[in-house]
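*Asks:* Generate coordinates for the entire structure from the input sequences, incorporating the hints supplied.
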Amino acid sequence: MKTMTAVEAKNAFGQLLEATLRAPVAITKNRREVAAMFSMEDVRVLADSFLADPLKADVAAGKLGLLDALMRQIDLNQRLEAGRKAIAEGDGTVADATYFASLRDRALRRVS
Numbered sequence: 001m002k003t004m005t006a007v008e009a010k011n012a013f014g015q016l017l018e019a020t021l022r023a024p025v026a027i028t029k030n031r032r033e034v035a036a037m038f039s040m041e042d043v044r045v046l047a048d049s050f051l052a053d054p055l056k057a058d059v060a061a062g063k064l065g066l067l068d069a070l071m072r073q074i075d076l077n078q079r080l081e082a083g084r085k086a087i088a089e090g091d092g093t094v095a096d097a098t099y100f101a102s103l104r105d106r107a108l109r110r111v112s
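For the sequence shown, position 42 matches number 42 in the working numbering, and the numbering has no gaps at all.
To be clear, the hints were calculated from the coordinates, so they are not data collected in a lab. Be aware that one or more of the hints could be misleading.
Simulated pairs of lysine-lysine, DSS-like, Cα-Cα distance not exceeding 30 Å [said to hold, decoys possible]:
| # | residue 1 | residue 2 |
| --- | --- | --- |
| 1 | Lys29 | Lys2 |
| 2 | Lys85 | Lys56 |
| 3 | Lys10 | Lys29 |
*Replies:* In structure tokens:
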């Protein structure tokens, strides 16, 4: 991956944009990678393999922009991972058949 410093990217923004059409570009500040620039075509390819089908449908229908959909997917993935971690640590609730049966029983008691 090509790399540019933040100062180079600022001073040669047009060249940075042109470079992203060929390959992603990492932006560094104080020798640390702090950002990356991608062409929208690269973003579309990433989104196609990363987005869940409902989010893909929202993008296709024009209900949601591609970058917004990607950010939502990232948020969903983080929440899912936090839930999995909580379950593994014994702090979460596993939504299995037993769980749903207990919900049904509680609901039936309330309406009876």
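*Asks:* Could you tell me which of the numbered hints above are not met by this structure, giving the numbers in increasing order?
*Replies:* none
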